[in-house]
Structures are given as C-alpha cells and as structure tokens.
Amino acid sequence: MAIGDTSSLISSKIHISVKNLNFFYGKTQTLFNVNLDFHRNKITAIMGHSGSGKSTLLRILNRIYELYPEHHATGEVIFEGKNILDKRYDVEKLRTRIGMVFQKPTPFPMSIYNNIAFALKNNQKLSNFSMNKRVRKSLGQATLWKEVKEDLKRSGTALSGGQQQRLCIARTLAMQPDILLLDEPTSALDPISTEKVETVILELAKTYTVILVTHNLRQAERVADFVVFMKEGEIKEASEKKEFFNNPQRKSTQTFLKYF
Amino acid sequence: MSMFDDKKRMRRHTLNTIFTVICYISVAIGVAVLASTMYTLFSKGIMAINLSLFIENLPPLGADGGLKNAILGSLIITVSAVVISAPIGILIATNLTEFPTKGKLGSAVRFVNDILLSAPSIIIGLFVYSIVVRALGHFSALAGIIALALIAIPMIVRTSEDVMKIIPSNLREAAVSLGVPRWKVTVFVIYKTAKAGLITGVILAMARVAGETAPLLFTVLNNQFPNYNILTPMANLPVVMFQYAMSPYENSQQLAWAAAFLITMAILFTNILTRFFFSRSRNK
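Taken in order, these protein sequences are the chains called A and B. Take the first sequence: its letters are residues 383 to 642, numbered as in the working numbering. Take the second sequence: its letters are residues 167 to 450, numbered as in the working numbering.
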C-alpha cells in the first residue's frame, strides 16, 4: 500500500497487521512466524495457556519489549502503511497512538489528576481548561469520574484495586490513542470491578480498536468480536467469535475449549 | 500415636530448643558488646560534655579548650562528601537499573562497586593522598572530602540500586507505554517511588563516613586553629579523637571522649531519622 493513500486506509477494515513475526528472549525463540490482522473498531481477544506467547505478541505492538536489551523481534507490524518495528519509526509517538493497560494496576505515585496529566503534558500542549476537560472526559469514559470527582488531588495509589485499574485505563484513554492493548486487565480484580471494566471495554470498542489478552473464556465470549488462539508461540486459530466457539477447526482449540 | 511418631516429635522438639537457645546466645553476645561500649562511652562522654565544648576552639595538647572548630570541620567535610557522592551514586545506580545495556558492562560495574564497598578505608585514604595531597603539596579538607566521597559512592550505589530494582517493572512499562521518554519516567516516576529508600541510603552513607578516621589522617590531618578554607588542613572530630586520646594529658583525653560521644550521638540520631523516613513512607 502506498504511503499517503489515506482513503483506502480509512476504509480498510484492517487496522494493524502482523507479518512473519518472530520473537526472541535472548537466544530462546518464543514466537514463530506469526501472521495476524486486527480489525478496526473491533475487540479481538487473544487466548491461550500461560507461556503461549499472547502477552509477548501484545508487547511487540507498542515496542515495549525494547526496554529489555536482550529481547528482539524480526518481521513486520504494519500500522497505517508503515512498519512500526523499523528503528526509524518514532517509538514515543507510536506509544501515544497505541496505548496499553497492564494486568496489575500501576498508578503513579502522584495525584489522580496528575496520573492522567503527567503523560499528556509531555505529548500535547494543552491549556489548563482543556487539560481539565480531558481529565474529566477520560475519567468519565473509564466510569471512574463519579467516584473520584470530589478529590482529584488524592494520591492515585490510595484508590482500591478496581479503581486503580480504571484510573490506568483513563490515563491511557486521555492520550486519545487509536488502538488499545489490554493485557489481562481484569485478572487481578474482583467480579464487580471486572464487570465495570468489561462495560468500559465494550463501550470503548465503538471508537477504538481493542486487542485484549485474557485467560478467561467467559470474558472473551462476553466482549470479543474476534478470537485468536495461541499455543507454544504459534497462532493455532483466528476467527470470528461465533465461529471460534461453535465450530473450532483445529484439534488444539477443541481441547482448549473443553477445559471450560 | 505410635512410638515412632513420638520419637520423631521428641527429636523435632529437641532440635527446635537447641536452635532457639543458640539464637538467644548470639543475640546476648551482640547486645552485651554493644551495651558495654555504649555504657563506657556514655558514662565517660557525658562527664566530658559542657558548654565550653561548643564555644571554644581546640586547645594545644594538654591545655583546656573546646571542640567548636572540630565540630564545624567535621560537618563541612561530611556534608560536602555526601553532596558530591549522592548524585554520582544515584546516577550510577540509575544507569544499572534503568538503562541496562547488552553485554557485560553492568555486571562489571557491579563487581567493581562491590570491591570498593569492602576496600579498607585506609587504602582509599592512601589513594587520595597520592593523587590529591601530593599534587597540591599539602594536606587539605578537600582531599578528605574526596576520600569520604569515594567511600560513600559505592554504598549509595548499592542501596539505590536495591531500592530501584524492587520497583515493579510494570510501573516502568506503564509509564513508558504512555509515550513518555525514559529520562522523564526515571525522574518523575522511578525516583518518586523510590524516594524514601534513596534518602535512607544517602543518610546511612553519611552516618558511616562521619566516623571514618583512617582516610582523614592521610588527607585532612588536623588543624588546631579555626580555619574553614577547604584547601587547607581542617580540624575534625575523628582525628581529634585519634590524636587526643593518645596524649598523656587528662584534659586532652576528656576532649577525645567528648568527641567520641558527639560522633556516636550524631550517628545514632541520623539512624533514627532514617527509620522515621522509612516508617512514614510505609504508612502512606
């Protein structure tokens, strides 16, 4: 696809595309020739056993693996016609476009307000007025606004676990990314907080492309549009949710589904 | 319950008792040594404390006087050493934990740091003697500051690295994945999270170098006269202790006791201060 050919980009259903991807922890290869397309404004759930490489795949999409010098990837990830794994691609810019929320809540040791404003100040020049508006909007999207609006100066670390996780989601949304990567965002939460976060995820899919790593089959069933099944660093099956649950093609997928 | 089980239980009980007794004996030995040291120091030191200590300067050996210039000298030397070593130590630790590189540089730095950490302080003193004192042609407080800083740096590197290492990598990843550059993440998230631990490490290093004597003998020496120019020898408590305690005059020995008491109290106080910092950060 030619660069600058934006019309076809916008109309394209494929938002981000992984091609011939291999990944190595030092000398150990953990992803093998992964090829996968993620659809625009859809929720794709990636499932698999622990160690199947699903989190690794997610961590490549915003190049967060680069924090560790012994990690490296080969292959291509095409986003808006460009290979984001190319060293010349501005990685900080990339991460503002492709946001990520982690398994455990990670509030920064600062106020609720600053948890959101910290990264924003770095990337965008906003007036106080629009900053306040953005903080309020993102907290609202993460359904946290009502619970914290009285005291935005309170430390983010003083919130409950479920609130912290929604704060982390709000923080990522405030950057107004195009794609959201969620790495088991509810596995450390109680059922009520999980339900709240899932509601947020469903709401978000209207405007964002969501890629969700989850251990929880029910969760995938509830929220996903597409499901990808990984095993031992390879994609075993990738299809629409209905197809995946009702008519799995591969033997390994059938075995996996039997456990639930 | 069978005989066999009873026997086994007896054995477990006996072993447990023996081990507990050994633990208590070890604690008793440690506490006894510390308590008798503190007792001697307090009983002799407190007698030597009086107002003139703080308002009069060092007397010649055998004469009456105070410790004013030695107290100020020790403060200047110790605080300057910490002001130099704290940023260097914390930045080295930052390099190790936040900006690791491929290859062996990190482990080499850690290895060298561990060697420096256990190097006898007199060797550091001799080293600074040969590169600073010889170059300047005379003893000076500056040389002492450098020597103490060299002793403090590896301690600060070690404690700072430890506190930054235990910060969950998730926190770093979360900050970086918002598109924030590494240096900003380090300053605003990592340092902020590790603040209590970093301060504790620096204060502990300060407490440790405050009492160092050997490196000062080769670098600052002593100065009987009030003088606060760091390019010349300067009075300081550890060397006063060393020189006056060995003199045959009773009033000079009293000054040495007073100096010992003051240093110990200062170290005790800084240790309590660090505990305060730590408990406050835990309660948050």
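Please note that a few of the clues may not be correct.
No more than 30 angstroms apart at the CA atoms, straight line, and that leaves these computed lysine-lysine pairs for DSSO-like [unchecked claim]:
1. K464(A) x K331(B)
2. K268(B) x K535(A)
3. K469(A) x K268(B)
4. K234(B) x K486(A)
5. K469(A) x K361(B)
6. K361(B) x K486(A)
7. K535(A) x K270(B)
Here are some, though not all, of the chain B residues that point toward chain A, as calculated from beta-carbon distances under 8 angstroms [stated by the list, open to error]:
8. P266
9. I332
10. N336
11. E339
12. K350
13. V353
14. P414
15. Y415
Listing some non-contacts, in silico: residues in chain A with all C-beta distances to chain B over 10 angstroms [what the hints assert, rightly or not]:
16. G457
17. K624
18. T635
Simulated from the structure, these hints should not be mistaken for laboratory data. We put the CB at the ideal spot given by N, CA and C, even for glycine.
Status of the hints after comparison with the structure:
1. K464(A) x K331(B): violated (36 angstroms)
2. K268(B) x K535(A): Violated. K268(B) to K535(A) sits at ~41 angstroms, over the 30 angstroms cutoff.
3. K469(A) x K268(B): holds (17 angstroms)
4. K234(B) x K486(A): violated (55 angstroms)
5. K469(A) x K361(B): Answer violated: K469(A) to K361(B) is near 34 angstroms, above 30 angstroms.
6. K361(B) x K486(A): holds (22 angstroms)
7. K535(A) x K270(B): Judged against 30 angstroms, a Cα distance of about 44 angstroms means the pair is violated.
8. P266: holds (6 angstroms)
9. I332: With Cβ-Cβ at 14 angstroms, over 8 angstroms, it is violated.
10. N336: holds (5 angstroms)
11. E339: holds (5 angstroms)
12. K350: holds (6 angstroms)
13. V353: Violated, because the Cβ-Cβ distance from V353(B) to chain A comes to roughly 11 angstroms (cut-off 8 angstroms).
14. P414: Result: violated, 58 angstroms to nearest chain A Cβ.
15. Y415: violated (56 angstroms)
16. G457: Check passes; 20 angstroms lies beyond 10 angstroms.
17. K624: Consistent with the label, K624(A) stays out of reach of chain B, its closest Cβ about 32 angstroms off (over 10 angstroms).
18. T635: holds (30 angstroms)
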